[in-house]
Amino acid sequence: MLLSEFLTSVLLLAGAFFFLAGTVGLLRFPDVYTRLHALTKADNVGLGLMVLGLALQAESWAVAGKLLLIWLLVLLSSASVAHLIAKAARQKGIEPWKQ
Amino acid sequence: MEMLYLAIALFLLLTLVAGLWRVLRGPTSADRMLAAQLFGTTAVACVLLLAQAFERPMLRDVALIFALLAAVTAVAFVRRAWAAGDQNDAVK
Amino acid sequence: MEAISLLPLMTLLQLVFDTLLGFALLWLAWRALASPELFQAIVLFIAFGLLMALAWVRLDAPDVALAEAAIGAGLTGALLLATLARLEVKNRAKSELEKKHEVRVITEKSKHQTFFFLLRMLLFMVVATGLVYAVLTLPENTSGLAMPVLENLESSGVSNPVTAVLLNYRGYDTLLELSVLLLALLGVWSFGGIPKPYRSFPGPVLNMLSRLLIPLLIMVAGYLLWVGAHAPGGAFQGGSVLGAAGVLLLLVGWRLGTRFVGLPLRITLVFGVGIFVSAGVVFILLGRQFLEYPPSFAGVLILLIEAAATLSIGITLAALFLGGRPEFRRHK
Amino acid sequence: MNTVYLYTMVGVGLFTLGLYALLIHSHLLRKILAINVMGSGVFLVLVALAAPTQGAVPDPVPHAMVITGIVVAVSATALALALVLRVRTETGRAELPEEPLE
Chain A
1 MLLSEFLTSV
11 LLLAGAFFFL
21 AGTVGLLRFP
31 DVYTRLHALT
41 KADNVGLGLM
51 VLGLALQAES
61 WAVAGKLLLI
71 WLLVLLSSAS
81 VAHLIAKAAR
91 QKGIEPWKQ
Chain B
100 MEMLYLAIAL
110 FLLLTLVAGL
120 WRVLRGPTSA
130 DRMLAAQLFG
140 TTAVACVLLL
150 AQAFERPMLR
160 DVALIFALLA
170 AVTAVAFVRR
180 AWAAGDQNDA
190 VK
Chain C
192 MEAISLLPLM
202 TLLQLVFDTL
212 LGFALLWLAW
222 RALASPELFQ
232 AIVLFIAFGL
242 LMALAWVRLD
252 APDVALAEAA
262 IGAGLTGALL
272 LATLARLEVK
282 NRAKSELEKK
292 HEVRVITEKS
302 KHQTFFFLLR
312 MLLFMVVATG
322 LVYAVLTLPE
332 NTSGLAMPVL
342 ENLESSGVSN
352 PVTAVLLNYR
362 GYDTLLELSV
372 LLLALLGVWS
382 FGGIPKPYRS
392 FPGPVLNMLS
402 RLLIPLLIMV
412 AGYLLWVGAH
422 APGGAFQGGS
432 VLGAAGVLLL
442 LVGWRLGTRF
452 VGLPLRITLV
462 FGVGIFVSAG
472 VVFILLGRQF
482 LEYPPSFAGV
492 LILLIEAAAT
502 LSIGITLAAL
512 FLGGRPEFRR
522 HK
Chain D
524 MNTVYLYTMV
534 GVGLFTLGLY
544 ALLIHSHLLR
554 KILAINVMGS
564 GVFLVLVALA
574 APTQGAVPDP
584 VPHAMVITGI
594 VVAVSATALA
604 LALVLRVRTE
614 TGRAELPEEP
624 LE
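Chains as they are written, first to last, in this note's numbering: chain A, 1 to 99; chain B, 100 to 191; chain C, 192 to 523; chain D, 524 to 625.
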């Protein structure tokens with residue numbers, strides 16, 4: 001097995017782990033704010049690792065660039081959307097969870 | 100390698116299906132919308148993996164469109180579906 | 192050697208993926224249609240659209256997947272959520288009662304309705320069985336129209352077979368579909384002016400997001416239009432992305448200046464159909480059939496028609512989201 | 524060939540589900556969702572049957588039909604939603620009147 005294939009496998013598995021963690025967080029965390037926190041990990045880190053892994057196998061720099069662009073776009077929208085939803089939730093008067 | 104791509108895509112599909120539970124449970128609309136947001140990202144990753152597994156480079160454009168439009172539904176939610184209630188309260 | 196031994200496992204994995212996706216689609220559709228709350232139903236429907244795009248990917252239909260991604264991820268969800276907001280704002284006091292009513296419709300089956308319930312079930316069994324039978328008895332291993340399309344691809348002016356079908360071989364269909372879009376918009380406009388606008392400022396984050404995303408969306412629409420000649424993409428996909436850009440602008444609170452709302456907007460709306468028809472008529476005058484292009488310029492002509500169509504589709508979809516004629520305001 | 528049959532059956536299932544929901548629900552928004560699900564079912568059957576058999580190319584004609592179908596479906600949905608809002612303004616409700624079945 002080539003080194004690049006090995007690295008890709010590790011990165012993809014790590015990415016999948018973050019997606020799993022994000023989903024578990026979405027299902028298990030107690031309120032909307034903590035769920036947001038879990039979710040953005042899947043978006044940012046999970047997809048980032050996967051994109052990195054796939055970019056190692058890309059046939060050209062342009063493809064790697066497109067993969068990176070996709071990740072940056074998801075990063076931008078997930079960060080903004082998380083902010084917007086959290087702000088709207090505060091305005092609606094949803095209280096953050098306290099232990 | 101194709102096996103690994105496909106297996107991870109399948110795994111992501113499973114996490115997506117598990118996430119549907121949050122849409123059913125809620126309790127608030129924001130929770131449901133959050134789950135939909137996560138589905139969007141999962142779909143992006145899934146499409147990228149399938150593009151690599153079946154050597155269909157044009158599928159990356161599908162992922163690009165998902166990534167670009169991920170925000171539109173959520174913005175519609177924040178600006179309309181949730182804003183409607185606030186608007187109504189303000190009018191009273 | 193290794194590749195051969197892995198082949199059945201790969202097929203099995205694909206089968207598991209397809210089965211899971213198929214069941215997820217059916218389950219989502221069922222829940223979206225039966226869930227007690229409308230908002231929940233809409234979110235489930237948005238997820239349904241995402242999975243449909245994955246199904247198109249699996250069925251090796253990237254052109255369709257692009258269209259579904261643009262429409263399903265952007266437009267449908269925004270349209271449904273905006274409509275739900277307007278329905279709820281109109282009388283909020285009733286909404287609790289409505290929710291109960293919704294639940295009642297789904298769960299309550301009074302005794303004398305049992306007979307009708309069984310009758311309905313029987314009817315649907317018959318419909319489903321008939322459809323399954325019809326599909327299973329279709330002749331196998333027919334390549335459909337794939338061969339004739341590919342054999343004549345050289346004279347169509349483009350190398351993407353789907354674009355060739357849309358813009359050349361079946362130009363009539365596409366022309367009429369563009370007209371259907373315009374008719375839908377006319378229908379919406381016939382209800383009068385746009386509903387009361389929401390007066391709230393987008394705030395810095397949304398401002399930044401829209402400033403970054405909208406130019407990119409317009410660029411990607413242009414890219415899809417250009418790439419459509421030889422790879423998946425084209426006027427409908429580009430137009431849908433452009434429409435989503437318009438919807439995002441409208442959501443942020445931007446409105447077309449009153450100077451442009453009248454004639455300039457209408458000219459843009461009919462631009463696609465207009466160019467399409469004039470290209471057809473010009474070639475009739477030159478002694479050809481309606482919508483028959485000479486192979487030497489077909490490529491350029493198709494790009495021109497597609498560019499006009501992309502613009503018109505995008506603006507029409509955004510105008511449909513607005514929900515009324517923009518020159519009147521129906522303030523109540 | 525398995526993939527083709529699988530997705531065709533899912534398409535038939537979606538169509539039937541949508542038809543059922545279209546008839547039993549009285550809320551108009553739900554009926555619009557039902558019609559969209561029915562449409563997706565039809566599209567799925569069309570594209571699945573166009574899928575290639577053993578390494579051949581897919582039939583581009585159904586693909587082209589489905590692409591325009593998707594765009595036309597969204598515009599029809601927009602018109603239907605505008606109609607629902609109009610019904611709501613005129614009658615104060617967004618569902619059909621409930622009538623006894625007998």
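There's no promise every hint is true.
As the list claims (entries may be wrong) - Here are the in silico distance ranges between beta carbons for each label pair:
| no. | chain 1 | residue 1 | chain 2 | residue 2 | range |
| --- | --- | --- | --- | --- | --- |
| 1 | B | Met157 | A | Arg90 | 26 to 32 Å |
| 2 | B | Arg124 | C | Pro199 | 21 to 27 Å |
| 3 | B | Met157 | C | Pro339 | 44 to 50 Å |
| 4 | A | Ser4 | C | Leu314 | 19 to 25 Å |
| 5 | A | Pro96 | C | Pro406 | 46 to 52 Å |
| 6 | A | Gln91 | B | Arg124 | 57 to 63 Å |
| 7 | D | Glu613 | A | Val24 | 45 to 51 Å |
What the hints assert, rightly or not - Which stretches of chain A does chain B cover? Using the computed rule of at least three CB atoms under 8 Å from a CB of chain B, they are:
| no. | region |
| --- | --- |
| 8 | 19–32 |
| 9 | 37–45 |
| 10 | 88–98 |
No lab work stands behind these hints, which were simulated from the structure alone.
The beta carbon of each residue, even a glycine, is placed where N, CA and C say it ideally should be.
Here is how each hint holds up against the structure:
no.: 1; hint: Met157(B) - Arg90(A): 26 to 32 Å; verdict: 42 Å, violated
no.: 2; hint: Arg124(B) - Pro199(C): 21 to 27 Å; verdict: 39 Å, violated
no.: 3; hint: Met157(B) - Pro339(C): 44 to 50 Å; verdict: 24 Å, violated
no.: 4; hint: Ser4(A) - Leu314(C): 19 to 25 Å; verdict: 58 Å, violated
no.: 5; hint: Pro96(A) - Pro406(C): 46 to 52 Å; verdict: 36 Å, violated
no.: 6; hint: Gln91(A) - Arg124(B): 57 to 63 Å; verdict: 23 Å, violated
no.: 7; hint: Glu613(D) - Val24(A): 45 to 51 Å; verdict: 48 Å, holds
no.: 8; hint: 19–32; verdict: holds (count 7)
no.: 9; hint: 37–45; verdict: holds (count 3)
no.: 10; hint: 88–98; verdict: holds (count 5)
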